[in-house]
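Engineer: Listed below are the residues making up each chain.
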Amino acid sequence: MANVEYRQATCTYPGMSAPAVDALDLVVEDGEFMVLVGPSGSGKSTALRMLAGLEMVSSGEILIGDRVVTGAPPKARDIAMVFQSYALYPHLSVRDNLAFPLKQKGVSEPERTQRVLEAARLLELEPLLDRRPRQLSGGQRQRVAMGRAIVRQPQAFLMDEPLSNLDAKLRVQTRAEIAALQIRLGVTTVYVTHDQVEAMTLGHRVAVLRDGVLQQCDTPRRLYEHPCNVFVAGFVGSPAMNLDRLPFDGTVVRVGEVAVPLPGAAASAARQAGLSEVVLGLRPDALFPVTAGDSNGAIRLSGEVHLVEDTGSDAWVHLDAPAQPAPLRLVARADARHLPLVGDRISVAVRVAEAHVFDPASGVRLGD
Amino acid sequence: MTTLGPMGVEGVAAAARVTSVRRRRHGSTPASVALLVISGIWLFPIYYMLIDAFKPNNDLLHYPPQLWPAQWTLANFQEAFKVNGAGPTVPQPSFLTSLFVSAVVALVVVAFSMAVSLFASLAVARFNFRGRGTMLVALLVAQMVPFASLLIPIFIELNKVGLIFTVPALIIAYVAPVLPFTIWTLRGFVASVPVDIEEAALTDGCSRLSAFWRVIFPLIAPGLVATSIFAFILAWNDYVYAYIILGNSGTVFGQTEETASVWLFGLINPSRVTPWGELFAASLIFTLPVMIFFLIIQRRLAAGLTAGAVKT
Chain A
1 MANVEYRQAT
11 CTYPGMSAPA
21 VDALDLVVED
31 GEFMVLVGPS
41 GSGKSTALRM
51 LAGLEMVSSG
61 EILIGDRVVT
71 GAPPKARDIA
81 MVFQSYALYP
91 HLSVRDNLAF
101 PLKQKGVSEP
111 ERTQRVLEAA
121 RLLELEPLLD
131 RRPRQLSGGQ
141 RQRVAMGRAI
151 VRQPQAFLMD
161 EPLSNLDAKL
171 RVQTRAEIAA
181 LQIRLGVTTV
191 YVTHDQVEAM
201 TLGHRVAVLR
211 DGVLQQCDTP
221 RRLYEHPCNV
231 FVAGFVGSPA
241 MNLDRLPFDG
251 TVVRVGEVAV
261 PLPGAAASAA
271 RQAGLSEVVL
281 GLRPDALFPV
291 TAGDSNGAIR
301 LSGEVHLVED
311 TGSDAWVHLD
321 APAQPAPLRL
331 VARADARHLP
341 LVGDRISVAV
351 RVAEAHVFDP
361 ASGVRLGD
Chain B
1001 MTTLGPMGVE
1011 GVAAAARVTS
1021 VRRRRHGSTP
1031 ASVALLVISG
1041 IWLFPIYYML
1051 IDAFKPNNDL
1061 LHYPPQLWPA
1071 QWTLANFQEA
1081 FKVNGAGPTV
1091 PQPSFLTSLF
1101 VSAVVALVVV
1111 AFSMAVSLFA
1121 SLAVARFNFR
1131 GRGTMLVALL
1141 VAQMVPFASL
1151 LIPIFIELNK
1161 VGLIFTVPAL
1171 IIAYVAPVLP
1181 FTIWTLRGFV
1191 ASVPVDIEEA
1201 ALTDGCSRLS
1211 AFWRVIFPLI
1221 APGLVATSIF
1231 AFILAWNDYV
1241 YAYIILGNSG
1251 TVFGQTEETA
1261 SVWLFGLINP
1271 SRVTPWGELF
1281 AASLIFTLPV
1291 MIFFLIIQRR
1301 LAAGLTAGAV
1311 KT
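Protein chains in written order, with the numbering used here: chain A, 1 to 368; chain B, 1001 to 1312.
Chain B extracted, bound-state conformation (with noise of 0.2 Å):
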């Protein structure tokens, strides 16, 4: 007969649970062997990128590709930030103005979106009016529409409305597709927050403004930087756009106005020898903000992607 050791029956139930809990921790080892293949694959690239911005000219097109370098240098930095590309009539912009031109356009479709989507979700979250249910079916249809497709009804517009070619026009064109986005999260974060809560704000002395302000607004933070992150990401990242949109007919410093990624795009002219250092570096500076940013804040975009999907 089996008995039972000193641990006795609440022991080995304590020890199972444990073993339980530890196994669903680590999971089982073929995922993590696809887990951890699949994160190469998707790895590899930044990978690639991060050492071939370090290495010298030279060693960029040795065959075979050394995936340690053999030799550190930052000259590709230097030279990313030095060179003008040479545009047909005007200066090409430097990096640094791409980079600009990129961050302000950025920043700019952030702000705004965040500024129309958070009182659009406030409005179809907590107040009944005539049209909310076809408002909300409408946010629904937008974003099953592909982005690609917009660009030339949006262009048409925008040319008809003399803003095409310039930085407003690109804004104006980014925030189009991703309004719909962050007002139906941001909607699942408001109505996630009980309406008692703002209520207790009222009777505790708040206006509503100042009730959305003190309370609603810090609980749904979290659903505002998820949906800050999207915004920033599509417009940061964003090549075709910038390209149709933004056009190389305006000026910003006396140089064409071009986002960071249609910059880049540039330095792989026919018309010369690719500069691949300086290519990598400039898209390691390009790509790195994002993704360091990105890691810091992901575990909490997650949740907040998911905190304001089921009311609780």
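Okay, chain A solo, but in the shape it has when bound (with noise of 0.2 Å):
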């Protein structure tokens, strides 16, 4: 196990102007479970392919360990990737499937079979050895690469969208198994979705890339509750945050007739900057409906429901509320058995301290 540090790592295709990832600056450590997201073409699969040594690096370096990887073939870098594909070979069971980075490794005959046994133990896949990948179904053929990968005890396991080819409920599943693994064996993993909902829950931090930039490293808890940036904060969480540009006056911004002040640090910052106008970003969680009763002294928006979405568990209320030049379309959490009807006005309250504010140029964050 090693510590993985990307050093301005940047990586252009041939007859490509701009990168694919610019100048990426990223350390993993130890033991730790990063995750790398962002949308289509936000260069985090390539991240990935130039940390396996799949992917030319343009400039800068990549290391492992304390090892300077950049030119180094895969096979040199004691890395083991699983893919989205899981690119099990067809030709091999999957006993074989698992001896075969060993036995590129030169692992003894005895050694081999001891550690393919105890892989396929750790994974359930004992009955399965003998079966070739066209005879598994998606789930174990999941497990088998991901066997692939712990049998040979790199120092760092590489996964690129490995639960993406499964249907929603073994993809639950297996996500958990995937969390308890690499706790279990505490090697250093790097993986990479397009899905927040399993950045958040699998990663100890999350790095989100868009265009090839890294947006923003940090604890899942720290990018949902601090975003840098209003991309990052449009990314993560879901339903995604409610961001709209607002006339702003020095202390409040303005939802058609309703005031709402910002926070402190962010007003402040707003104010030092001069800005008539502010992006201000509120989670649907941060909203919540009241009834005509509530008066307990907070922020409210009326407007008209035109879409609820039950899930269950957890409800969602898009509405429209009057302003200028547009109304806002807003997205409310709200109390899944007490639900309003489409066509209804109802009212949310706004909690106020949990605004996030951006600067409607550069979007960055204002306040802390």
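No wet-lab data here; the hints were simulated from the structure.
Since we're looking at a predicted model, the values are computed, not measured.
Hints may be right or wrong, so weigh each one.
[Said to hold, decoys possible] Beyond 12 Å from chain A on every Cβ pair, some chain B residues (computed):
#1 SER1039
#2 GLN1071
#3 ASN1128
#4 MET1144
#5 ALA1191
#6 CYS1206
#7 SER1207
[Claimed, not checked] Selected chain B positions facing chain A (Cβ under 7 Å, derived; list incomplete):
#8 GLU1199
#9 ALA1200
#10 GLY1205
#11 PRO1218
[Said to hold, decoys possible] Counterexamples of contact, computed for chain B against chain A with all Cβ distances above 12 Å:
#12 PHE1044
#13 TYR1063
#14 MET1135
#15 PHE1217
#16 ALA1221
#17 TYR1243
Cβ coordinates follow ideal geometry from the N, Cα and C atoms, glycine included.
Could you fit the two chains together into a complex? Lean on the hints.
Structural biologist: Here it is in structure tokens:
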């Protein structure tokens, strides 16, 4: 096991002017579970493949442990990779698939057998050892791919969207298994996904990328509560944060007739920057429906419900709040047992302390 | 009102499925009859060659022809292996020698064309390089040129380099038309192996070369078998190229070099009575091994040729 470090690592594909990964600086600590997340084309898979040695590093360095591996071939990096497609060898049995990296490493036959059996036991693959990949279900194939990574006891696990091909139920189950396995083995893991729920539930830290540039690397909680810019704020969290550009008079922002005071530090930063508008970010959890009788002094926004999403445990109410020049589309969290109907006019209270404020030009967070 | 029996709806549906599967498996009767007739037309010459190889010489020209030998003999085989033809300057080779020449030519053609097309197909399927598209078009166009029309240009070229009338010349002449087909076909097989698998092998500790041998090679083996057979059959069966390019001036074991197909034709000589029994026996020996081999692997061959066609 070892730490992994990107130092100004850049990858530009031949014939492309913009780099796929641009001057990435990132340290993954020994034993850490780091998730690279971002939309399609953000460079997360390229960053992982650079670490694996499957993509050329145009400039900068990559280190595994204290060793610079920038120009080293994949086999010299002592890493194990799990692919989205699992990439099992179709002509080999499960047993031979698991033993393959050990054979390449020159591990003796008795030790090979023992390590294959240990991995098979850990992943409950023992009854499947003599089957071919085509005789396995998607979940079983995924476990074999994990087993092939585990068996060689590498310095780091690299996982490229390993759950994408599983159905929703199996994905949740396997996600928990991967988390448990990583804790048990304690191997440094770099995991790529476009699914932010996966990123938030698995990662000790999550690195958010956009257009090849690292936006923020932090714990899931910190990412959620202190997104560094509008992109991260909008990308992390489901449903996404309500982000609206609103007029700012030096103290409050105005949503139609309602004045919403900003958190002190953010208001101060906006004032110092001389902004007449800011981007106000409110998570759906920071908005909650209230009845007319509730008078707890909270700031209220009113609007007409145009969609109600009931997921069973949670419910999300979409409403249009009157504002200039166009109504604001807001999503608020609601009690699933007392849901409004589409067309109802409701009021939602705003937890002002949980508001996020961003510079409309740069998108950077204002305040703390 | 019609009622469903104890089978119920599911039972009826299952029965219908079975009937449908059975019908699909057996096909319709007219189609089966047509297939039988066509098969008969194709198989009859082989059958006739087979039984005539075992008939005594007297029965071969019997009229009406005997469709089942009255007597069986192995004498034709003994004669085929014993008799040397009457070449004008040097002795015409024995049948065994011509078989040896045919086998050497066919196997070297297979080995050489597979070695080249394996790596060429890998290059066109996996790597982007300048002229790749042009090369692919050239491979297609080359396959459209009739084999026979290449004979004279190839003859002239081989003559220029001083190779004409030699076994290497014949091998080169066969490899030239074989390569476009084998490269094109194998390219489909290589392309059908997901890149992820190759990359998994690299991260599992393989070099590029060992990833190729240990992972890609076993996966494209059916394609390799299919294309090898194509190359082998072309070189083994051909008569015209062997007759023109090898000629009869080279020698092997002190006899003229001839492939078996040319040797067989040499038995039909206007200056003497054609030894039909030996001709059939030798023809049987010439064709049977290839036919048996083909029958054994034909299922795999068909699968191989179609498997590479579509990227999965």
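Engineer: Evaluate each hint against the coordinates.
Structural biologist: The hints, checked one at a time:
no. : hint    : in the structure
1   : SER1039 : holds (34 Å)
2   : GLN1071 : holds (52 Å)
3   : ASN1128 : violated (9 Å)
4   : MET1144 : holds (33 Å)
5   : ALA1191 : holds (15 Å)
6   : CYS1206 : violated (6 Å)
7   : SER1207 : violated (6 Å)
8   : GLU1199 : holds (5 Å)
9   : ALA1200 : holds (4 Å)
10  : GLY1205 : holds (3 Å)
11  : PRO1218 : holds (5 Å)
12  : PHE1044 : holds (41 Å)
13  : TYR1063 : holds (57 Å)
14  : MET1135 : holds (19 Å)
15  : PHE1217 : violated (10 Å)
16  : ALA1221 : violated (8 Å)
17  : TYR1243 : holds (43 Å)
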